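The chain contents come next:
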Amino acid sequence: MSDPRAPGGAPPSAAGEAGPLPGAPLLEIADLRVAFASEGGVARAVDGVDLAVHGGETVGLVGESGCGKSVTALAILRLVEHPGLIAHGSRVRFEGRDLLALAERDIRAVRGNHLALIPQEPAAALNPVLTVGSQIAEVIRAHQHVTRAVAAWRAVELLTSVGIPDAEKRAGQYAHQLSGGMRQRVLIAIALACGPHLLIADEPTTALDVTIQAEILELLDGLQRRLGMAVLLITHNLALVAERTRRVYVMYAGQIVEEAPTGALFAAPAHPYTQGLMAAVPRADRPAERLAAIPGQVPPATAWPSGCRFHPRCPFAWEKCREEMPPLLPAGEGRSARCWLLAERQGPDAKTPSPQGASGGR
Amino acid sequence: MRALRRGWLRFRAHRAAVAAGLLVAVLAIAAAFAPLVAPADPLAQPDPVALQNQPPSAAHLLGTDRFSRDVLSRIVYGARVSLGVGAAAALLAVTVGALVGLAAGLASPAVDQLLMRSVDVALALPRVFLILLVLALWENAPPWVVVLLIALTGWFQTSRVVRALVLRLRESEFVQAARALGSGRPGLVRRHLLPHLAPTIIVSATLDVGNIILLESGLSYLGLGIRPPAPSWGNMIQDGKDQLFSAPWVAAAPGLALLVTVVAFNLFGDGLQAAFDPRDRR
Amino acid sequence: MLTYLLRRLALALATTAAVVTITFALVHLAPGEPFVAGAEDRFVPPETVARLRERFGLDRPLGVQFARYAANLAHGDLGESFARHRPVAAVLAESLPNTLLLGATALVLSLLFGIGLGIAQATRAGTWADSALGALALACYSVPAFWLGLMLLLVFGEWLHWLPVSGMADVTLRVPMDGLRHALDVGRHLVLPALTLALVNGAAVARFHRAAMIEALGADFVRAARARGLGERRVVLRHALRSALAPAITLAGLSVPALLTGSVLVESVFGWPGMGRVAYEAIFARDYNVITAVAVVAGVLVAVGNLLADLGVAAADPRVRRA
Amino acid sequence: MDGERSAVSGTRPLLEVADLVVHFTRRTGLFGTRRETVQAVNGVSFAIGRRETLGLVGESGCGKTTLARAVLHLVERTSGTVRFDGADLAALRPAELRRARRRLQIVFQDPYASLNPRMTIGRAVREGLEVHRLARGAEADRRVRALLEEVGLPADAADAYPHEFSGGQRQRAGIARALAVEPELLVCDEPVSALDVSVQAQVLNLLADLQVRRGLSYLFISHDLAVVRHVAPRVAVMYLGRIVEEGPADALYAAPRHPYTQALLSAVPVPDPTTRRARIVLPGDPPSPVHPPAGCPFHPRCPHPAKDQTCLTVRPELTQLAPGHRVACHKA
Amino acid sequence: MTIPRVVVCAALLLAGCAGPARRAGEGATGGTLVIVTTGDADVLFPPAGAVTTSADVAGLVFSRLADLTFDLNTVDDSGFVPELARSWDHPDSTTLVFHLDPRARWHDGVPVRAADVAFSFDVYRDTLVNSRFRPNLDAIDSVTVRDSLTAVFHFHRWYPEQLYDATYHMKVLPRHLLDSIPRARLASSAFARAPVGSGPFRFVRWEAGAVIELAADTAYFLGRPRLDRVIWRVVPDLGSAVGVLLAGEGDAIPLIPPAELRARVRAAPTLRLVPYPSNAVAYVAFNLRGRGGKGAHPIFGDRDVRRALAMGIDRATLVRSLFGAEGEVPVGATARAQWIWSDSIRQVPFDTAGARRLLEARGWRSGPGGVRWKSGVPLRFSLLYPTTSRLRQDAAVLLQAQLKPLGVDLRLQPLEFTLFEERSVRKDFDATFQARTLDASPASVLQLFGSEGAPQSNYGSYASPAFDALAHRAIAAPTRVAARPLWREALGTLNEDAPAVFLFSPPVAAAVHRRFAGVRIRPDEWLAGVGAWFVPPRDRLPRDR
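Residue numbers (the numbering used here), protein chains in the order written: chain A, 1 to 362; chain B, 1001 to 1282; chain C, 2001 to 2323; chain D, 3001 to 3332; chain E, 4001 to 4545.
The set of hints was computed from the structure by calculation and includes no laboratory data.
Computed from a predicted structure; not experimentally measured.
Glycine residues also receive a C-beta, built at the ideal position from the N, C-alpha and C atoms.
Please note that the accuracy of each hint is not assured.
Straight line, CA to CA, 25 Å or less: simulated DMTMM-like cross-link-like pairs of lysine to aspartate or glutamate [said to hold, decoys possible]:
| no. | chain 1 | residue 1 | chain 2 | residue 2 |
| --- | --- | --- | --- | --- |
| 1 | E | 4294 | B | 1139 |
| 2 | E | 4404 | E | 4430 |
| 3 | E | 4294 | C | 2047 |
| 4 | E | 4294 | C | 2033 |
| 5 | E | 4404 | E | 4497 |
One side of the interface only, derived from the structure: several residues of chain B facing chain C at Cβ under 10 Å [what the hints assert, rightly or not]:
| no. | residue |
| --- | --- |
| 6 | 1040 |
| 7 | 1170 |
| 8 | 1172 |
| 9 | 1258 |
| 10 | 1267 |
Counterexamples of contact, computed for chain D against chain B with all Cβ distances above 12 Å [to be verified]:
| no. | residue |
| --- | --- |
| 11 | 3012 |
| 12 | 3085 |
| 13 | 3098 |
| 14 | 3110 |
| 15 | 3180 |
Go ahead and model the full structure; you've got the sequences and the hints to work with.
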């Protein structure tokens, strides 16, 4: 296998120009709702999310902690555990099949096979008592009819392909013997084991140092280009989204509040939340300036505010925002946002490009 | 999501713990007010020939034993022994264990090592064998000696747990913060360590009570704990063992009382642990 | 590894020394003397007692006795049993293997029972089945072993006649027997006492293992394993169980003292010719050398149990295996 | 190393750290039978003047948290000195040390761990007042309320427990606790890395306001170069227990001299899809502080084209390249 | 005075009488007897064995010179049947000559010779061997060998029980196997673990704590026993032991005191209870002296108070409560198995009113809490009993409740056996609860209450010249007929002085599987007749074949 690591610095090719890709989406989520019963009441962690990923593209799902983005990832794989429940009427279509309607056996054949997940914490997502090689091999054997020996050989090969030197030796080691970056490479190898068509990367670099993070992201980019898979990148880090994705969904309080091509979003965010978020991010490439913080806190999932869920923290909120929840409204070409400003065409004109877009999300 | 689930479990455990706690309270009250609760004198032998081994009836709700004594009354009085020995020994053991653990956790590494190596050795001592040895070889030990023996051989584990906790707390950021504020050692112990040790200590004491009740019953069953004619559940089982077929209630009733009590304490302890434990740590 | 073994050895030696000293002090400082009461409550004349005391060196000062005992012990000489007129080593050689057989069987059974129950509960956590199994575990955990033994005896021995009620072998079978028949015979006798100990001890294992399993099942790597499309059996038995084994193994190792204690009571209930009975009888006969030897053996067994637990944990969990 | 040099010339710096070394042993290996020495902080010198902020940047394991605790004398230092307002903390007697501690305080990274969960926010803030007998009774209540207000918490927060608050609010409480004893220097150990972006900005702004209002000095430790850039006019970069570069933020961010700083800066993603920069990807992982490499600690990963035998054998000292800009690199 | 007599195998001539059980039976041999015992043997070397199981096993492996018949007459020579000795005679009043049976063989085939007898006596008397039977042989000066088949016993003086003393306590040991072993090591020798004797059964195996097996000696010179095997199976708990019996895993238990267990045996279709006279008695001995044996005891120094206590104890109820209908209230310091037992011995009657009057008369008045006081001393005393004895503990509990209404505050003081024994011997007690298994010979009574007897076993320091004189005369009486009235008088005197209250004789009954025929039990040695037990072929179980 050749060294899959991309030469440093090359930008991902597709990220620049955004446009609708032809054909049916690879993954299509419609009205996804996930609720948890808890002491404090019912937490509607994900509350009517629509989202689509087309073959080969990289889509970002960005939001702060508690907004429901990780639960969305789990719900796609139908891994929401008791006491969480995916509501009836939610749909997750992957390669034409509704994952939520599949038999347990059949969904298992999808997980880790054509639809793979790179989990959040590389330290926790590897079984500490099994060698990393065996954990890769077992995924291969779960989805492909190969012998133990072939699977083991493939495992070593995969480790090499994700840039782990001395892969044969590493395959026989345990997670605690590897550094954080190595662990994440192993997890990527596991995710790639069966040649997935869609990779869900849930905060793949949050637990890593900046330099390692860069390495991992370069690796992912290279692999994606080579293997032609789609990636759903879930993160809280706007900068990552800006650098790595083609389209972005912004989540807040269990809902998608904005969807847009990456370039357009960063050029002119439509939703006040997105605007606030961008203003609050400190930047290493700019001299110190006072940050524009969003006031208040993210509300708890058991008590979403009425109306627009962002209204208590929104500088533009008025009566209607408090009473009525805005739908996703068209906000330009290929983009939409969940904000009454778009309907009323009023508010901070300077910041909001609000021409009526012909096409919407869906 | 996990926090939510754990919360639900905790709630459920709470209810069982509340029930168990109530039961423990009822038992304790019954034991404390035994003379008022027990229908008869636990030592009275109305007619050791005609009324011996009577099955349960209106007059004797749990029947009578081979001496025509009222089994229910003996169980009520026996609760004094079981709960008394259990509670006293557990309290003493846990107190000693907590103090040693605290001392080791706060002391210099040398003292700490000395204490903990001693505890290592002590933990490997055949505890029950030694208790048995003392009780068997020494003259008729009064209950407080039993308590003392059980307690003094039962604190090692607690001291280890407490020490580990102290060491962890010492490294915790809020203790570091308190040290940075200039808090002295007594203040640290009072304000930061004890409130965190308390749940562990309380839970460990509660669970200990159950274990000690079992231990005491075993000793009494061997005829070495509480000596007749004073009733204790262990010696009542021994009393009834030979009549297991003709008068099963004599052995069954105290056995059941033992089971229920120990279950109650364990359930209560588990519940406390669950209630104390997560404390919403994210 | 070597350092570890040396440390273990040092601990075991310290424990043995402590056990010997404490036991020696307890038996010698206790009121009452050996030989005074003959077997079966018989009176022994004072001159006989005096002769026996002289023969076993009990007329020397305590310090001398202790030094002699310690010196002999260092040479592996456990002395002679007062009551049995035999070397203590011979007495233990007969009874210890039986206790070890019972204890080891109970240990294995309790691990199987405890781990099985823990898995069954953890995979059903929060359901009524979990509660029901939890109640079972709690009951087993809270029941006095001697009482449970009596009840099992009553049901399986006396009422159902399924299993022999006492002893270790069918005494009426002609000796010598071929190995297999002997093993089967001993096995049948082993069922009830081992089960009694295993239920009580296994319940403790189950309580810990359930918690460990629940934690493991909630761990990220288990969810990750599911996300890779692995079957539920594989997820539970390979991923969760393997990583949750350590506490159960540790507990099993630490339960050696409990098993020894339990065997004192259970051996008497089931007439198992083991060390527990030897110990119990020795205490009442003031058979000093046997008492001390039993304490030493118990200390050694505890040390071995801890060692096995450590090695078991190391085998089950590579994280502690480092270096 | 010339530790007596101060960045703020003329006046005596408030905090002066010279040749600070912190090693500690830990047990590892099979059942803790092997001891190893972690060289967490390996000869660090810097100074902070009054009302000044020094940003300290480094990746995990570089020793920055140990450094923070050593500055506060919360861990034993192996060698070197920490002078606060001229006084060596290590030389103080316990009572004096306690008094000195009033003047330098710490804000921790994890707002969930740094507050005692069994203590109300009010009691936590009050603890410092009581320890140093600054106020009692109603006066203490009033001061606690004022402090909470100052950090942007509602006054009734005093009676609530930490778990009733969000991360940002807890971090505010942690700051209030530190402020209660009216310190002059605040060591902020990753104070915002556990917080969400929107809240992180609130806390950063709060810290900036407090500095102005109270004339505080900050030692601001973070792994996040972007955050540091926002708070610190002067920045030091740490690698494997040592400072490898120190200088004015503008100069350092615009033209980093040390190859590590260069790589670090290049790796930071920028929330702007239109900018593209060349990225330096460092090979391998940082070495373990148990066995730091000989020579330049960075040499095994150093991408510098001129790397040579000197780098492998001789440890570079911090040398001044421009006024106030020091770099520890043979090739810089 | 001396009457030399020759007893020629009387029992062999009188077929069917209470004669020797061990002889050739007609019909088929076969059968396995599994005895369930609560205690393992200690040493199978007869002089050293201290526990019942050892004695039981040794009794079958080894032989005596002559054995007692079933009526346990220890006085007359007519009470004995030959064993190793074919006959015996008294050439003079201090000499007893035994003529050995030339057919007698050790299990290894070596013939039994007079030298073995002399050797055995030596061993039993050797202080290095430290046999507990040594005191029983005190009256014998020496044993000499006249020829290979004739052993001569030399006594210090004449007395009626010479034959009993010469034969009963001493088993004959094989000199050729033991001679080379140092005396002090005999008890711990390999022989003591795997003995070779000359009795009806030969040793097969012993697994400590579990099983001892004997097999019939087919070459036994008095005719092989009819059973093939006798196996002891150790089951430490009596309840479990009965369980083993009920489960069909055992055949016999010698003694079952608890009424409940006896009821279970009785209800079992495969088992039968074989009652036999008790040879045990339990009594509360009062300390007549002050603590440590000095002065008079403040309570028990007064004969009337002792009598009052005796009157206040309802022994019949106590016995019935403990044993149901089968218990027996002892008539005095004896037991049913002893030939001196008589229902006409004078006793203190049960009379609580009388007891109260007597106490009042002696100045013991009712005080606070219903306890009587006299000159500042409460009528309160502690009763020592050993923790090992369930029966005594139960009886003490009953006693405490019985004495309470009389104004007597009885405190129970359970002690571990050694401590119990030590304190009893040191006279450091108020009252001690003793139990004695009595010898077949009534002479033992003098040891318990005689003033010059063994001071250690006369716990209460009872000293009565009248009793001493009567007992000595009774012991010296040459025949049972002459001795009986004297014993009756002696025991009556003892009862009236009430130095002790004889509370109960536990009912003794063996549980034996119904398939065994010919079962007869001798109270002193329950397996003495086992040679005659057999299993009719149609009743045999798999293990009998």
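Violations among the numbered hints, reported as their numbers in ascending order: 6, 7, 8, 13, 14 and 15
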